[in-house]
Amino acid sequence: MRFFRFSIVLLSALLAEPAVAQVSQVPRPPGAYRTAAAYHRRQPQPAGSDAFYPDKRGLVVVEVPQGARTTKLRLAPDSVWGFVNGKGRTTRLFRGNEYRLEYADTLCVYSSSNIMAGADRNGTNVLVPGANAMGAYTNARYYFSRGLTGLIFPLTTAYLRQAYEASNPAFVAALTKLRVDQSLVDFDRKTGLFRITTLYHEAAGN
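Residue numbering for the sequence shown is -21 to -1, 1 to 185, as defined by mature numbering (1 follows the signal peptide of the UniProt record, and there is no 0).
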């Protein structure tokens, strides 16, 4: 029953998600972004020198310089798509959770440290030395979405297969060929891409 529900939700998301062009990796100005389209256009509202979430009231805070002083503007998290902090890091807010955008494309990759203990071959939730049963010390967990507005799912071969089996069989075939010692989130510093992103581009002929 759970598998059936996921399949229905995922199918609805894929049908509703339009095809979009690759989003440039050019840094965005700090501030809150009301929509994914605004993020694509690099138009924060409001713009600021820094932004963070959550504050003590669970709100998004944008720090806006006004002369020698700084004013803090607070926004409800469900009123924004996400925000960019003063260091240029993008966070997308989705269903009450925050996901750090690691790569923006028609296949977006996110990471999050707000996780429970566990492990799998993709490296999405691997305990590190000293971790306890509650997962106090863990590596980042990774997620993906179709474009900047798609539903966010754990970055595993099982979820990717369901998301792309019909529309991108070449990509799914490449996923099945991964060796046991290879992770979807192995990072290539020369290309600036995760393995999953490289496989996705290769399947598309890029």
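It should be emphasised that the hints constitute simulated quantities derived from the structure, not laboratory data. Check before you lean on any hint, since a few could be wrong.
Said to hold, decoys possible - The following label-pair restraints were derived from C-beta to C-beta distances:
{"#": "1", "residue 1": "Gln45", "residue 2": "Thr136", "range": "30 to 40 Å"}
{"#": "2", "residue 1": "Ala16", "residue 2": "Leu38", "range": "16 to 26 Å"}
{"#": "3", "residue 1": "Val5", "residue 2": "Asp167", "range": "30 to 40 Å"}
{"#": "4", "residue 1": "Asp167", "residue 2": "Pro8", "range": "39 to 49 Å"}
{"#": "5", "residue 1": "Pro6", "residue 2": "Asp167", "range": "29 to 39 Å"}
{"#": "6", "residue 1": "Asp34", "residue 2": "Pro8", "range": "42 to 52 Å"}
{"#": "7", "residue 1": "Val159", "residue 2": "Gln45", "range": "51 to 61 Å"}
{"#": "8", "residue 1": "Thr49", "residue 2": "Ala149", "range": "19 to 29 Å"}
{"#": "9", "residue 1": "Gly46", "residue 2": "Gln22", "range": "19 to 29 Å"}
Note that CB positions come from ideal geometry on N, CA and C, so glycine has one too.
To see whether the hints hold, each was checked on the structure:
1. Gln45 <-> Thr136: 30 to 40 Å: violated (49 Å)
2. Ala16 <-> Leu38: 16 to 26 Å: At roughly 23 Å between Cβ atoms, Leu38 and Ala16 fall inside 16 to 26 Å, so the hint holds.
3. Val5 <-> Asp167: 30 to 40 Å: violated (20 Å)
4. Asp167 <-> Pro8: 39 to 49 Å: violated (28 Å)
5. Pro6 <-> Asp167: 29 to 39 Å: violated (20 Å)
6. Asp34 <-> Pro8: 42 to 52 Å: At roughly 21 Å between Cβ atoms, Pro8 and Asp34 fall outside 42 to 52 Å, so the hint is violated.
7. Val159 <-> Gln45: 51 to 61 Å: holds (56 Å)
8. Thr49 <-> Ala149: 19 to 29 Å: The hinted range 19 to 29 Å is violated for Thr49 and Ala149, with Cβ atoms some 50 Å apart.
9. Gly46 <-> Gln22: 19 to 29 Å: Holds: the Cβ-Cβ distance is about 24 Å, inside 19 to 29 Å.
Checked against the numbered hints listed earlier, the structure breaks hints 1, 3, 4, 5, 6 and 8; every other hint is satisfied.
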